[in-house]
Structure formats: C-alpha cells, structure tokens
Amino acid sequence: MRFWEKPFGKEKPKTICGEIHIINDRCKGCSFCIEYCPRNVLEVSKDFNKKGYHPPIVVKPDMCTFCGLCEMICPDFAIFVIEKEDE
Amino acid sequence: MANNTAQLQEKSHPMEDLLRMDRMPHIWCSGCGLGSAVTAFVEGLKKAGVSYDKTAIVSGIGCTGRVAGYLRLDSYHTTHGRAIPFATGLKLANRDLTVVVFSGDGDLFAIGGNHLIHAARRNVDINVICVNNFIYGMTGGQNAPTTPLGAYSSTAPFGNYEMPFNLVGLAAASGASYVARWTTMHARRLTDSIATAANKKGFCFIEIVSPCPTVFARKNNGGTGLDMLKEFQTRAIIDHDADPTTIPLNMDNEIVCGEFVNDDRPTFWENVQAGIKARLEKFANWEEMQSNSRKISHKKDRKYTSSRDSSIMRRNT
Amino acid sequence: MFKKSRLIGEYFMQGDIACAEGALAAGCRFFGGYPITPASEIAERMAMRLPLLRGVFIQYEDEIASIAGILGASWAGAKSMTATSGPGISLMTENIGLGMMMEAPCVVVNVQRGSPSTGLPTSWGQSDMMQARWGSHGDYGSISLVPNSPQEFFDLTITAFNFSEKYRLPVFIMADALVGHMTEKVVIPPVEELEIIDRKYTNKKPEDYLPYDYGKNLIPDFAKAGDGYRYHTTGLTHDKRGYPNMTFECQNELVPRLVNKIKNHVDDISLTEEYDIEGADVIVISYGITSRTILPAITMAKKKGIKIGYLRLKTVWPFPEEKIRKLSKKVAGFVVPEMNLGQISLEVERCAHNDSIVKLVPHPGGGIHKFEDVLHAIEEVAYGK
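Protein chains in written order, with our numbering: chain A, 473 to 559; chain B, 8 to 324; chain C, 41 to 425.
Note that these hints are calculated values from the structure, not bench results. A hint or two may mislead.
Unchecked claim - Below, a sample of chain B positions facing chain A; criterion: calculated Cβ distance under 10 Å:
hint : residue
1    : Glu-23
2    : Ala-47
3    : Arg-195
4    : Ile-245
5    : His-247
6    : Ile-283
Beta carbons are placed, not taken as given, at the ideal position from N, Cα and C, and that holds for glycine.
Chain A on its own, in the form it takes in the complex (with noise of 0.2 Å):
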C-alpha cells in the first residue's frame, strides 16, 4: 500500500527562489539586510567597498525564498532582490 504520494510530476515541492543583487559602492555596512534576513543568507564580507564599508556577500544562495526583505529593510537602496527564473 502507498502511504506517500509523491506530488504529480515533481520530486520535491518547488519553492520561489530569489536572486540577490548587492550594488557594493551603495552600501554603508549598517547590517540590518544580514541581521533581519530570516534564512540567513547574508554574511558580512570582508572586502571593502568605495566608502570603506564592508558591505554583505550572499553565502547560501539557495537558501534565498524572495521574501524581499532585505530589499525593504536596505535604507540605501543597495540590495534588491528579484524572482529568480525557473530552470
């Protein structure tokens, strides 16, 4: 007897997946994209940007759902965050 159906066609539920942008030269290193990112995708780098902050760098990609808060929360327009296409 099948207790599990697998869902029609697919091997795992498809999640929405977003992709970062990080405009580096923006960014004034106040962290709140990194802190409130709820999967925690974002990490301090540790390069440099124009202005001497240490913008962030995105260390698990997949792990981004597009919820857009790092876009909302970003006070200077340095990081947004689109759908990223299907494969």
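Fit chains B and C to the given chain A structure using the hints.
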C-alpha cells in the same frame, strides 16, 4: 548558483524610477532609519496605485527634510516647520494632487506644532509622515519635543527634564482621520499603512519610529543602528485597538504600534462645498447674498453667526 | 455660479474692498490670510467672493501659515495672495525669503499701521517701507507698489500680480490704513480692458526641463505641480536642476541673479507720477497717502513763487535711483515727507549724494503731516540755509 555582484550590476534597483539617482548616495548616516522609511514610502506609493505625476511631496528642514530631495516627484523643500501649510495650499489649489508631507518630529511638532493641529482639525486631505528619531539630528543632537524624559542630548547634558509629546495621541486628539505608528523595522506593515493613507481622504498621520545612531544612540548608549532596531524589535507590540492618547514613548516602555484611527470624516474641502451649496440655495443672486451679509446686524433674525458692526472705531486689534 | 460675479462699473468702495476686487480681476483664485486690523476687510471680501468664482479661501491659523500656504498654492499654478499689516509681515518674513529663493509668484499686501510692534492698530503709518525691501535675511530683489487711493489700490493690485507673474517673486503692496479704510469712487473696467500677465510656463519636455535654467532676462520658466515635470525646488542654495548645491559657485550664480532680475528691469517696474519736474528748484518726493495730504503745502509754495516739482513714487522698490541721481544734479534739493522717521529719505540721500539737499519731513504715524511743516521744509530747501 553564486550571486556574484560583479556579474549582475546591469540590473537596476526596482525603486530607481522614483528616486533621484543623480543624487545618490544620500547623505543619511550608516544605520539611519530614514532610508528604510523612504523605501517603505516608495513601495507604499507603488502599492497605492496613485499617479506619480500627480503626487507631490513637501518636506521641512532636518534629516527627514532631505527626503524631498531624493524622491523623483514634484518635491518641495520648504522652511522649518512650515511644510504643512505649504502642503495645504498646494492641495487646495490643485485638488487632483496627492500631497504628502514627509518631515521630522522637531519640524512637525515643535516649530510646526500649531500647523499640524490645525491641519488635523480641518481634516485637510494631505498625508503626513513624521519620522520620529527622538532628537534634532541634522543640527547635531539637540533636544526634541519627543526626546524621552531623562535622555541625554547636546542641549540636555544633565538629562532631558521635559515630558515628550505623544505624537499619535496629539494627531488623533486634533482630529486626524487616520493615525498609525510603526517602526522602520515593520517594513511591510508600514508599506501597507502608507498605501492606505495615500488612498484615504482626510488628514492621515503616520509616525515612523526610526533609529538615529549618530546622535541619539551615541549619547544614550544605544549602540549602532542595528542595536536600536533590535531594541525596537524587543519593545514593539502591535495593538490596533490601543487608545492613541495613552501610548507615549519613553526610554524603556513598550512601543505600541498599529493603526489606531481609521475614520471617515468630511474633509475641509467637502465642508467648504457643502457650506457654499447650502448658502446659495437661500439666495436668488449674489447681490442679495452680499447685501444680506452686510445688513446682518440690523436683521431681527440673529441665526447667522456674524454680528459685524461695520464701524471702524470699534474694531479691535 | 451667480451671474454678475465679476463687478464692472462705478462703485463707491472702500480701499481694502477695491484691493480684493483688483486681485479677483487679475485672476487671483487663492487667498490665505489671518485677521489683522486694518487688512481684515480684504480677507472678508475674498471669503465672500472667491467661492463664487471657484477659488479657494482659507483662514489660516497664523500669518506664517498664510504665507507658506500661498507659496504652495502658487506652485500648484494658482495666483495667490495674502493681506496683513506690519506685525504680520514681521512674522511672514522668513517665508517671504523662501518665496524669493524659490521664485514663487504671489502678492503680499501690507496695509501699514502705526508701528513698531502692536503700535496703532486702527491708525496708519508708512514705517514698514525698509522692511519691504530688506526684511528677510539675505540678498534678493524686491518690488513694492504704493497706492494712494482706493482706485489706485485696485489698479496697483492688478499691476502687482502682473509683476509677480512676470518676474517670479512675491510682490508687496504697501498700502496704509488710511487708503485701506477710505471710501472713494472706484471704476472697475471690463476684464478685456485690463492688462493681465500670466507666468510663463515652460514648453520643454519633462526630461529636458531644468527648473532654474534662465535666459537673458534672468527669469526661469515655470512648471506647476501635477504636470509631470517632477522637479525639485528648495530654499537651500540650488543649481539649475533645483538640487541643493551648497558651494560658492552656485551661490555666486544664484543670488546675484535674484538681485539682478529686478535691478536690470527697473525701467519696466518703476512707476511714478510727476508734475512740474522740468525746471523745478525743489522736488517733493512722496508716496502713498502722504502724497495727497501734502498737496496744500505745494499749492502754497507755488503761490509764494517757489518752483516746485512733485514726484510721486508708485513703485518704491526698486527705487528709481537713476532718475533721482539725474534730478539731483538739476535741483536745489528734495523734500521727502513721509509717515515714518526717515526711510525712503535715506534712499533719496544716497542717490542725491551731496549733489543736492535732502530734507526729510518725518511723522511717526497716527495722523497726517501739518502742511506748515512741509511748507517750512520746502522754503528751507528753496531759499537755502
């Protein structure tokens, strides 16, 4: 797939159509909540569906006053405290405009306090967004009418000895149709609030509690902007049913957020139109109405409000 | 609305009412004011008339809100006006500076009363003349018109709107409580017979438009809110884009232009009334109600054989410097009766510059000159000391 920023620079930030990109980066400090407030505003405007060409933004002086300079709308950077009457004039002269006043707590409630309460009383159809950072940021950290009791500022080196204003309470008591308070951390709810206010007629007031790391936090052991946001997160509760006059902001108490007032009251212009219509129905022509007004003091029927005595000598100052 | 909303004809009208009617004839459709004696009648008349002409009347909570409101209305495209007296102008001064900096056309009526401070609310004076030029901080050009009768109050209000629209700045009408409250015959012509100037709107596309780009006449083209131009304007020193640019270069380009756009057009703006100037030994320079109250003195001086000329300034600011300089070389002296303790006489002295005597006949306000004082001054100048 690595999201390497170098590969993806050719895409532009989705808000760039509403920002003056030739003036970026903006002057606000690292960790300041103003950028988040502007982001929420831009998203809120997009969500509200108002025409950008018909939206005008007026701001006063201060850090928040610089918002007008960064938004790609018809924007006016006016004198300290006078953004609201300017916006009233703008709105009444062209009632198709959506007029937003974006200014700070000192600009709107200290020097501009009188204008705010009267605009709220009249229920002029403008949206006022007040970014409250508890201090006068641009000029270096002086006391504001919202600085909490006991907090330090450059003009209160022994601690502030004045009770702060409760901004939402004042706006609600003055008669605003829509009153809400959020912090910059409540990004989505703030966006929704702004969208509601933009489409709502009447005087809409939104207080945005914002971190000021450079002066307020530094003088009050508040840490960085992020530390202040985390503090907001701990202290903030959402209670739409709270009575706005009972929820002040002090150093350590709860930051009660929510949409406290959401009424439908006739706006100033609606009242004007109703009054004119009612009066015109009584008179056959203008001359009769005019002569009626001038002779009012001689009429036995005293139900009109005016009892002018036209003698110059008895006029008061 | 009602028929006969536009008054045409001959009326026996108070000066303040004539001012309000002049504003309406010029196309003013926004009035923001605050009550103050002796200008309250203007607000009251506008309150009654504007709604019937689809205009907006709002009584603001104070004078500061009034001036801010009319600047806002001006940017929305309306011709706007406020009316107040000395104490109100003092309150409005900061935002008048904003109007000058932003180059917003509007009209500010100052029905002068006894000053300083609360002064003589129900009496008149002329002691705010320098404030009209130099009141707000900083350098800027200024235009002030001074009527001397209700008819002229009507006419100069229209002229004030024309100047404000043409030169893009707040224009003062410096009436006084006597002219404001006197009732005389006022003839209101049909609108077709009036010259009405509107501000010059830009015909550039939004992407090419620079809000403070100017041509030879130093006056930028206007764009109102809601037309899709999405410009920025500020009270900070700004460049042609309207963006704040707090550098010396920008200040050097902007502020001299604000001064020169008036200075270069003095011939167009300066309005005077002259009698017997040619060949005169003494010229009496006056403005406002004083120009009427001293007429007996002039008649008497003529009877005594003094060659006396009469120069009435309808435009006090910009001051007609060239005219006075030229005249000062030809006459023995000027007599300047005014209802203050020496304001425009200082300008006359500056322009006369030791070429001729300038005799001030001061009056602190609250009454009119005794014509004997004026006659005495004329004789002093004519016969020399």
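Status of each hint after checking the structure:
1. Glu-23: Given a least distance of 8 Å, the restraint on Glu-23 (chain B) holds.
2. Ala-47: Hint holds; Ala-47 (chain B) Cβ to chain A Cβ min 7 Å, cut 10 Å.
3. Arg-195: Since the shortest Cβ distance to chain A is 7 Å, the answer is holds.
4. Ile-245: Result: violated, 17 Å to nearest chain A Cβ.
5. His-247: This interface hint is violated because 21 Å lies over the 10 Å limit.
6. Ile-283: violated, 45 Å
Violated hints for the displayed structure, listed by number in ascending order: 4, 5, 6.
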